[in-house]
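*Asks:* Here is what each chain is made of, one letter per residue.
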Amino acid sequence: MSDFTFLYRGRDTNASPEQMQKTMEKWRAWFKDLGEKGHLKDIGHPLENAGKVVKGKQKAVTDGPFAEAKDVVGGFSLIQARDLDHAVELSKSCPILDVGGSVEVRQIQVINM
Amino acid sequence: MVAVLTRLFGVHNLALAEDVVQDAFCRALEVWAFRGVPENPSAWLMAAAKNRALDVLRRERTIRTYEPELTRFLGSEWTLAPVVQEMFTENSIKDDQLRMMFSCCHPRLPEEAQVMLILHILCGFGVDEVASAFVTTYTAVEKRIPRAKKVLAGSKRLFDTQAPSDFATRLPAVQRALYLLFNEGYHGASAEFAVRADLCEEAMRLAALLLGHPLGATPATYALSALMCLNKARLPARLDASGKLNSLFDQDRSLWDQKLVREGLQLLDLSANGSELSEYHVEAGIAAVHASAPSAQSTNWEEIVSLYNTLMTIRPTPIVALNRAIAIGQLDGPKRGLEALRRIADAERLARYPFYEAAFGEFELQSGRTQLAHQHFSAALALSRNPFERQFFGQRIAACGV
Chain A
1 MSDFTFLYRG RDTNASPEQM QKTMEKWRAW FKDLGEKGHL KDIGHPLENA
51 GKVVKGKQKA VTDGPFAEAK DVVGGFSLIQ ARDLDHAVEL SKSCPILDVG
101 GSVEVRQIQV INM
Chain B
1 MVAVLTRLFG VHNLALAEDV VQDAFCRALE VWAFRGVPEN PSAWLMAAAK
51 NRALDVLRRE RTIRTYEPEL TRFLGSEWTL APVVQEMFTE NSIKDDQLRM
101 MFSCCHPRLP EEAQVMLILH ILCGFGVDEV ASAFVTTYTA VEKRIPRAKK
151 VLAGSKRLFD TQAPSDFATR LPAVQRALYL LFNEGYHGAS AEFAVRADLC
201 EEAMRLAALL LGHPLGATPA TYALSALMCL NKARLPARLD ASGKLNSLFD
251 QDRSLWDQKL VREGLQLLDL SANGSELSEY HVEAGIAAVH ASAPSAQSTN
301 WEEIVSLYNT LMTIRPTPIV ALNRAIAIGQ LDGPKRGLEA LRRIADAERL
351 ARYPFYEAAF GEFELQSGRT QLAHQHFSAA LALSRNPFER QFFGQRIAAC
401 GV
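Protein chains in written order, with the working numbering: chain A, 1 to 113; chain B, 1 to 402.
The set of hints was computed from the structure by calculation and includes no laboratory data. A portion of the hints provided could be inaccurate.
Stated by the list, open to error - Away from chain A, derived, C-beta distances all over 10 Å, residues of chain B:
# : residue
1 : Ile145
2 : Lys149
3 : Glu201
4 : Ser295
5 : Ser298
What the hints assert, rightly or not - Pair ranges (Cβ atoms, derived):
#  : chain 1 : residue 1 : chain 2 : residue 2 : range
6  : A       : Ser16     : B       : Arg390    : 23 to 33 Å
7  : B       : Glu142    : A       : Lys52     : 49 to 59 Å
8  : A       : Lys52     : B       : Val37     : 22 to 32 Å
9  : B       : Ser367    : A       : Glu25     : 33 to 43 Å
10 : A       : Lys37     : B       : Gly124    : 30 to 40 Å
11 : B       : Val37     : A       : Ser16     : 43 to 53 Å
12 : A       : Lys37     : B       : Arg390    : 29 to 39 Å
13 : B       : Val37     : A       : Lys37     : 19 to 29 Å
14 : B       : Glu142    : A       : Arg82     : 41 to 51 Å
Just so you know, even glycine gets a beta-carbon here, dropped at the ideal spot from N, CA and C.
Hey, can you work out the whole structure from these sequences and the hints?
*Replies:* So this is what it looks like as C-alpha cells:
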C-alpha cells in the first residue's frame, strides 16, 4: 500500500442551498465508503478561498492564489491505495467531478532510510 | 440571519446580507462533509455568518456605506467586534426579525409580495419553495422577489420598531401578511400537499414574535394568534394517517390538539381587552365555538351564524359569505342554506373554487336531490387542485349513489 493525496479543485459557487446539501450528502457518503474500505488515511480539510502567496527570495507576499475558481484547490485528503492506477480508480467516484471540478491524484514520496 | 445582517449592513445592502448567508451556508456544508454535522447546526451556522460578516465589514468598510447609525461603530476595530457580537445575541435576533417583518410589509408592495418576502427572507424559503407555497411558477416568483427587494432596498433604512406611530400604522399590514401566510398553509391550493403545516408554524412563530413586542401585543394580535392556535389544533384530524382530507363534519375530534385549543382560548381571552373588534377576533370566535363542540351536530350553529354575520360587516368577501351560507344550512336546514348560497354577492369570484360547488352539492344531497348533488360534486371534482381534494370529492360523488 502507498499513500496518495487527493487535491480537490473547483467548487461550485453558484449552487442553491438545496443543491449544496445534496452535494454534501454525496461527499459524506463517498468518504464513508472510502473509510470503510480502508482507503482513507486522513479525511483532510476543506480550504478557504482566500489566502496569500509568498514568493521568491524577497519573500514578496501577494493576495492569492487568484486562479480561476476551477483551478483553486478547495480541499485535500490522504488516501491509501495499491498504486497510482488504483488511486485514480478510487478518485473516479469523487462527487466534485459531478460539478465540473477535478481531482489531482499525487503519490506521496517515500524515502526509505 | 439575513435579518440580522441587514440590520448591520443597512437595508440597501440586502443583497450583500444574502450573499454572506449563502456563503456561510456553503462553507458550513463543505466543512460538514469533511468533519461531520455538528450537534447544533444552527448555532454553528450563526457563528459562521457572524465571522463572514466581520470579514466583509473589515474588508469593505471603506467601499460601502452601512446602516447609518452603526457606521461609526463599524469604522473602528475597537468597537466593530463587540457590535457584531451584540447583534448576534438572541434578543437582538428577535428584534431584527421583527424589524425585517415590518420592513417587508412596505406599503408600496402588494400583499402577496409582502408575504413572499417574509417567506423568503425571514423563513428562509427558497424561490422554488415560495413558488410551491403560492401555487405559481418558479419564474414568476423569481421575477417578483427581486422586484420586491428593490422596493425594500430603496427604503434606505430598516423599519424603526421603536417609533410608536409608525408601528401602529404598519401593524395591520403585518397582521394581514401573517394571516395570509397561515391561511396559505391551512387552505393552500398546493398541488402536492393538502396542508402545509410548515407555513402555519412559521406564521405562528412570527406572530409570537409580534406578541413579544410591547407595541405589537395589541388585542388584534392576540386574536390573530388565538385564531392560528385554534385552527392549527384541528390539523391532525383534517388530514388522517393515510393523507385523506376530512371535512369539519367528519373529523375525529379526539385527534384535535387540546393543548393548542387551551392556548388558543387563553389568547382569545387576552384579546378581549379594549374596544377593538377585529376580523381576527370574529374568526377566532368562530374557531373557538368549533373547538369547544364535541361533535358537528352539537355545535352551537346559531352562535356561528351570528359571528359570520358580524364578519360580513367587517370583511364582506364571497368566501366569508360562502362559509356563512354553510353555517345557515347547518342551523336552519338545506333549503335555507341553498338560498343563502344563491344570494352570495360576487359569486363569480368563487367560480373556480371547488368548495363552492361542493356546498351546493351537500345541500342538494341533504334535500334528497341526488341527481343535482351529483352534478355539483362532479363540477367540484373538475376544479380540484390536488389529489386530496380529488379523493374527497370522489367520495362525495359516491355518496350520491347515482
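*Asks:* Let me make sure I understand: some of the numbered hints might not hold for this structure. Which ones are they, in numerical order?
*Replies:* Of the numbered hints, 7, 9, 11 and 12 do not hold.
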